[in-house]
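Chain residues, written in single-letter form:
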Amino acid sequence: MTDLYIKNTKEKFDVLVVGSGITGGWAAKEFCERGFKTLMVERGRVVEHQKDYIGEHKGPWLFDNRMKVDNLLTAQQHYVQKLCYAFSDSTKHFFGNDRDLPYTTAKGTGFSWIRANQLGGKSLLWHRQSYRFNQWDFQANKADGYGIDWPLRYADLAPWYDHVEQHAGIAAHNDNLDVLPNSVSQPAFEWTAPEKMLRDKFSSLYPDRPMVMGRAAHLTKPTQLHLSQGRVQCQARNECQKGCSFGAYFSTQSSTLPAAAKTGNLHIAPNSVVHSLIYDSRRNRVMGVRVIDNDTLETREYFSKVVFLCASTLGSTQIMLNSKSDSFPNGIANTSGVLGHYLMDHNYNAGAVGIVEGFDAEYYSGRRPTSPYIPNFQYKPSRYAKGYKRGYALAAWSSREDWRAIAKQDGFGVDFKRKLTQAGRWRFGLSAQGEMLPRYENHVALHATKTDKWGIPQLAIDCQWSDNEKRMMDDAADTAKEMLTKAGLKGVYSYTRYHERHPGIAIHEVGTARMGADPKASVLNGFNQCHDIPNLFVTDGASFCSTATVNPSLTFMAITVRAVDYAVNELKNNRI
Amino acid sequence: MSETVGIDNNRRHFMHSFTVLLGSATAAQLIDGSGLSSALAYRAKEDSTAQDAMVFKQLHMQMLKCICDLIMPKTETLSASELDVHGFVDHQLNKVYSQHQQVQAIGLLEKMTRTSQTHFKHDFHLLRSAAQVEILASIENQSMGFTEQDTTIFKLLKSLIVFGYFTTEYGATEVLKYQAIPGGYRGSIPYKSVDSSWGSLGFY
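These protein sequence lines are chains W and L, in that order. Residue numbering for the first sequence follows the numbering used here, starting at 34 and increasing by one per position. Residue numbering for the second sequence follows the numbering used here, starting at -10 and increasing by one per position.
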């Protein structure tokens, strides 16, 4: 293990995996376990499991500003990252420094690009919601003619979902819904009493909108495999983004990295910012990557037979756009011209909230790291609402008000103080999680003149909500309000927020190097392999043809391990 | 009752398994947080009204101390000023909130001073508590010349006072119930109206 981290090497690896987040961790694990010498190239620092979770196990009184971030620091270094719900004084070291990571947005548009440039990437910060795409998700583009057809179907991915779920550990009930295929699961988290009441009410009011317990990548009943990795049961702290020394939620550090390292086939090159891919035009193969040191700005190179780009949706595309040659003047593997286009995010911009009366004698213990979920009920054209395409899921939540809400009420003195210490009314909310259509106009390109501190051209992002997304959120707000009102909640109000929230902040950015059957209209084939260059793969969100409504990370995992399986076969048969 | 016992057992069981994983010294350090620096954390001062503070002048600190105890007086638990919440509010406004909000907060205290002089002929902190409460209530119900904007700024100060109180170790763990490591999630446990709510929130 002493030589796990390397800097300079002349070794030619079997595989370079660029990135160490959810996708990169899986690619590295799978290649290593199949006996391939693998180098994981990570642009940021090393984050060691447990040791480097410096915000963990600390009450708010141990932070300078009780877990709020200093306003000067935020203004200078975290003006984009602060928009993420999980950004706090206890997690800020896992977010990028905006001052060092500049990008531009087109006039009149905006994009909130959340960064996590360290070993483990956003696997340390993710929200851990884990759902399979369903059969209709892969056919949505074909069914309504918007975007190109996915070159794979649910049946192609199903066994790979099984594979990753067993290892990662997903707390999920077997709900037996076609719209939300079952996962290989651990026991689901419990419901609160008002949630149970509303689940039953919705099922009689809206039989096509079942509410299930949100599925999350947490261990509720660890297997021997999990225990052998040092992972134990979730303690229900719901402070995951500080890092979890229990290894109770899936991250690179808790799950894929120890598995990869155990094989002896893994090396990691931290602080290695990939500038571009090294291309051999004679053989039409990539040979490796050019790297600039994160700290010293020195350059170095790494070589391999195969390269897997797992550097995040925009990270991978930026590397490809910056890999120019006579053969590929507009970015490597970009003969189609679609590299950088069809950028999408999820549309999380509407919802409704109300008060549930009664249940005064009910409370909960612990902090549940998930909440109930109503899957998309507009999953095919015959079920679309009027005025827009596609649909949305509704993420639900419930809690009793506490001092944070009660402090805003009128009152003083002994009675008010007592009220502050007690549990208040039950609140319940529904938040829409909508699809965003793939549109050519939503794109990224390299800025003509601006570069970052490593001399790499900045991304110029041009992305905005279309009328389809806005109409969907208007409808979702009305629908959520109607559901809560009919279910008997009081003081129900709804909201939309697409006016003030730019794409990016759902942190589900996908597209820009999409898959497809036609090399003229897509960058990758159905196995995430570049149409133009056989030994170059992109298995992160860049490869997506549509967003679906479910959180994407579980699908990042599944398509990555499927691509590795394919690449291994191609390697063994000397085709790449 | 059995619920609580179950949770404690669960935690003990967990402590054991975690200790096996990490070794007892590391486990204990991680769990109670004692191995982590708190040098930068706001520390309560002996008397935050002794001089001008960062945002507020001395007079305003004296007023803020009164406001703290009008909102959260001493009962069977400590009052807000006994925890130096007024000192914390000054610190927090300076470190976390915008200059505009700081100026607004000063403006409200100045307006309260003028109102106090006009109606009661003394500075706010020298008034009897009945008169002080009358002024605070008039900010909340927008009488005595207080506007909707004044109410908004006052609610910010009030929220900060409450936040400052329940994010002290005392407020979070002794006034409320604190679960550093809940040991698992239960969706339904009994609650009586006299029970304290959870002071442990994960994020604040």
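Don't read these hints as lab results, they were simulated from the structure. Mixed in with the good hints, there may be bad ones.
Unchecked claim - Keeping only pairs whose Cα atoms sit at most 30 Å apart, straight-line, the calculated DSS-like set for lysine-lysine is:
1. W:Lys115 x L:Lys181
2. L:Lys100 x L:Lys181
3. L:Lys110 x W:Lys452
4. W:Lys125 x L:Lys84
5. W:Lys91 x W:Lys338
6. L:Lys84 x L:Lys110
7. L:Lys46 x W:Lys101
8. W:Lys91 x L:Lys100
9. L:Lys181 x W:Lys441
10. W:Lys357 x W:Lys338
11. L:Lys63 x L:Lys34
12. L:Lys144 x W:Lys486
13. W:Lys125 x L:Lys34
14. W:Lys338 x W:Lys605
15. L:Lys100 x W:Lys229
16. W:Lys441 x L:Lys144
17. W:Lys605 x W:Lys229
18. W:Lys91 x W:Lys523
19. W:Lys101 x L:Lys110
20. W:Lys441 x W:Lys45
21. W:Lys229 x L:Lys34
Hints, one by one, checked against the model:
no.: 1; hint: W:Lys115 x L:Lys181; verdict: 38 Å, violated
no.: 2; hint: L:Lys100 x L:Lys181; verdict: 42 Å, violated
no.: 3; hint: L:Lys110 x W:Lys452; verdict: 33 Å, violated
no.: 4; hint: W:Lys125 x L:Lys84; verdict: 16 Å, holds
no.: 5; hint: W:Lys91 x W:Lys338; verdict: 45 Å, violated
no.: 6; hint: L:Lys84 x L:Lys110; verdict: 35 Å, violated
no.: 7; hint: L:Lys46 x W:Lys101; verdict: 24 Å, holds
no.: 8; hint: W:Lys91 x L:Lys100; verdict: 39 Å, violated
no.: 9; hint: L:Lys181 x W:Lys441; verdict: 23 Å, holds
no.: 10; hint: W:Lys357 x W:Lys338; verdict: 20 Å, holds
no.: 11; hint: L:Lys63 x L:Lys34; verdict: 18 Å, holds
no.: 12; hint: L:Lys144 x W:Lys486; verdict: 44 Å, violated
no.: 13; hint: W:Lys125 x L:Lys34; verdict: 28 Å, holds
no.: 14; hint: W:Lys338 x W:Lys605; verdict: 12 Å, holds
no.: 15; hint: L:Lys100 x W:Lys229; verdict: 50 Å, violated
no.: 16; hint: W:Lys441 x L:Lys144; verdict: 6 Å, holds
no.: 17; hint: W:Lys605 x W:Lys229; verdict: 53 Å, violated
no.: 18; hint: W:Lys91 x W:Lys523; verdict: 37 Å, violated
no.: 19; hint: W:Lys101 x L:Lys110; verdict: 40 Å, violated
no.: 20; hint: W:Lys441 x W:Lys45; verdict: 62 Å, violated
no.: 21; hint: W:Lys229 x L:Lys34; verdict: 48 Å, violated
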